[in-house]
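Letter by letter, the chains look like this.
Protein chains: 2
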Amino acid sequence: MKITIAQLDYHIGNFEGNLSKMLKAVEEATAAGSDLICFSELATTGYPPRDFLEFNDFIRLSNECIDTLCSVSDNIGIIVGAPSINPDLKGKNLFNSAYLIYKGKVQHVQHKTLLPTYDIFDEYRYFEPAKSWAVADFKGKKIALTVCEDIWDVGVDDPLYTIIPLDEMMGQKPDFIVNVSASPFNYRQAETRIHIVRANVERYGIPMFYINHVGAQTELIFDGGSLVVSPDGNVYDELPYFEECIRHFQLEDVMKGGRHQVMSKSKIQLIHDALITGLKDYFRKLGFSRAILGLSGGIDSAVTAVLAARALGPENVRVLLMPSQFSSSHSVDDAVTLAEKLGIRYDIIPIREVYDVFMDKLSPFFEGKPMDVTEENIQARIRGILNMAISNKFGHILLNTTNKSEMAVGYGTLYGDLCGGLSVLGDVYKTEVYELAHYINKDAEVIPMNSITKPPSAELRPDQKDSDSLPEYDVLDPILYQYVELRKGPQEIIDMGNDPALVRRILRLVNINEFKRYQTAPVLRVSPKAFGMGRRMPIVGKYLN
Amino acid sequence: MKITIAQLDYHIGNFEGNLSKMLKAVEEATAAGSDLICFSELATTGYPPRDFLEFNDFIRLSNECIDTLCSVSDNIGIIVGAPSINPDLKGKNLFNSAYLIYKGKVQHVQHKTLLPTYDIFDEYRYFEPAKSWAVADFKGKKIALTVCEDIWDVGVDDPLYTIIPLDEMMGQKPDFIVNVSASPFNYRQAETRIHIVRANVERYGIPMFYINHVGAQTELIFDGGSLVVSPDGNVYDELPYFEECIRHFQLEDVMKGGRHQVMSKSKIQLIHDALITGLKDYFRKLGFSRAILGLSGGIDSAVTAVLAARALGPENVRVLLMPSQFSSSHSVDDAVTLAEKLGIRYDIIPIREVYDVFMDKLSPFFEGKPMDVTEENIQARIRGILNMAISNKFGHILLNTTNKSEMAVGYGTLYGDLCGGLSVLGDVYKTEVYELAHYINKDAEVIPMNSITKPPSAELRPDQKDSDSLPEYDVLDPILYQYVELRKGPQEIIDMGNDPALVRRILRLVNINEFKRYQTAPVLRVSPKAFGMGRRMPIVGKYLN
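Sequence lines, in order, name chains A and B.
Position 88 (the first sequence) corresponds to 87 in numbering that gives the first Met the number 0; numbering is contiguous.
Position 7 (the second sequence) corresponds to 6 in numbering that gives the first Met the number 0; numbering is contiguous.
Treat the hints with care, as some may be off.
Identical copies carry no separate label here, and so any pair may be met within one copy or between two of them.
List of simulated lysine-lysine pairs, DSSO-like, C-alpha gap at most 30 Å [said to hold, decoys possible]: (1) 528 to 141; (2) 138 to 104; (3) 255 to 1; (4) 20 to 141; (5) 172 to 1.
Since the hints were derived computationally from the structure, they do not count as laboratory data.
Construct the entire structure; sequences and hints are all you get.
In structure tokens form, the structure reads like this:
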């Protein structure tokens, strides 16, 4: 039996586009003599469709895709993920299902059992879990159909669910497992995914075809890396990361045993590639091609500019250099050097005059009040207006250049440097931004060394340095990691040897700045716990602040 | 048996504050000779605690509150909602539980079965559902303990769940039902709540004590309106809306039958009172007392200013009038009239000079390009900077004055008039804003009639009117309602007699402006479907656009 895996980049709600990709893949698989082609989870709708699932009209359009897939299934079986309607009055209205289509009709539907409802996942919001399990018969083979999370409660220390769907199917003696997935990337995901898929294969002793989404949907990046694992528990093949790919497999060969070495990419390489995918797809799926950003001469905007140029092409990236009276001369030089090296358009717009007029208007109200963060914010917001003005006039999307450390402690100006349609580095701690810069410079100096080595500064008042108001990033970031990623309490973090007052101050900063994050652009997610849809906090909370 | 209901305003994560409120209520109930006092759902933590529930340290603090409540329960039973830890390794780590505390210890715990995971609710994210049900014995009575949603699958046409927890308890012959709730307000909620509670009482023939939260947590407003319903299905008593209240009941009297007429408040009166509660609690719980907003002379900012003055006191509200060359003279006059009538501080800061300097800086780039939305946005953003500057310098929270119609179709400038820490009217359609204005003016003209009767305009270019780019609001709003609230598809809305091109244009506008709503302040929720946490849409979606 020849089985094709189609690892494709779908677009939420773009039924026409998604269907046409699938039809092309069916054609290719048919031409290759495949018996069966497998697409991923909710492939008709794109993943995650979120509250569009609550629109009957949206479900109708997905069902039409299933009908069309039926019409091309005379000579090939098609496994595809899509929502299906729950006929029972009780319970949620939908299931998240894997369809087996063949000979012009739907032959079998297996609903998803384990509905992830944590971090970025909201599946219990929409779907009723499966309550029955049957294997699918196809050309003399029995297939155990599973949807993504269904295999993720095996091989873990802390099971999230009380049932294991594959356990329920094994009495029916399936020949192999197909898992249709939409499992978002984080820098640990590839390793975890391989572990989980292998743990299942080892538990059941039959091979698995694991088909993942690839591409990005707003903040979520899908890395692909679809897997074929042989009954011996070895990986038979792994599809590429961050690329669409269609590949054919002979089941009989897979049965013989694994042979493939899995890819090995460093954390920083993965983050780099993921961010480029995230940028590319955000622009393409919104119908934009050009980006703008403010280039300060600092490391965050430098890394963002490089990533944008790599994702969109240098001809599609434009930067503004907006020095104030507090900017150091090297800032403009460093920014110009980088822009020239990247071959991106840059313009210099000094902000002093605008700032002076603002202060002139405001001075009657500010009389007798010392300078404070107000004046710093005005500078950042003037830059925001200028960036947005060029963006509005010429149709760019403004990129936000804030990093995760700043985002965490609220070191940034709402409506100022926090402006932008997409946050590129909002899930990358400052210490990781340095690693990214070194990675970018590994073969040649793209980012000026000066941008990397100088002490970080917002340059919003004379001789300002980040370390005036924050601890050094190599102290800050590990504390943030314990709190944000690992959700440790203050005492636990202090017990690791951190200064108690510092820990309390940082945790408080994280919590009181929820209001800023609430209004910040979506953040490309590369870690297991990113700010945004996967971390939901009350603004008026009074915990640790 | 004397039973006390404590309808209180908790604060998320403020364990000390929440506990001290409860201790005071216990004291009051003990003094009144009560046998039992009932608090509401997740009263120790405040509702909804959201991802704070994932922090062990947060749960530890909640458990400490339970311990303290035990210590004061020698002579009075205490029913209180709080998280409890799931001892089973499998499944989620927590339950959402109702505790019965008496004689110094926890006598009984019943977990919540039906975990709302729709609209603004995320309970399946955190909690494992109950799988067993037992009534609690207390002073010779049997109490059926339920948590909020547990009673909400009775009396509905489209059951969301496959089990009804009270059905499971009835074999144990409970004498009465206690429901601890945190059920957020919308303008239909009071009516629905009474219907649901009565439907349960009628189904089981025993009385119910229903205890609700009151007060606001960021966007969610809780209206209280706790209920005591007699076995005959009549309401015995209804606690006030939008106020804390502690009230004692003799069970024997409740058994005799209902006597109370329920409150009857108009939709607009409810919205008015809810918004004031939302404003009050947002400021109080964040530790702020003063608000600022831009007063344009239009109806939205006028209504917002009135609500702010009523919630915070006129001495705590400050407004900026920021006319441009496109502002009509009556705009400033209307704004001044209102400010003087309200007794709030106003300042006039014309923005023309700042605008001119911006245009001067940008003109080399804009050469040959026609004026467009860019220039309009610059004006709105200058106002944003000025509002934020005063806010930063003097410690106000800036109020966002956008209404739901504008929010829906993206008629507003990101980082401009969309600035602000809280959106007061973002869940109130423009046509409802008019109703609110008339309601405010019912006894005396507070809002100048001119602000109400003149054609709505953003005044960002000469003679601009909203109706230049949008249909009239009485056409727009009903279409938005069908799409946003009722989730109808385009064809269904067209079939109601609406112009097909207009419907498609409006639905497209709603969908392509998701990126703006993503970055807008939290919206006080007053309808069954507000923008914000209860409506989760992809930004890169391609449905209907």
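What are the numbers of the hints the structure violates, in ascending order? 1
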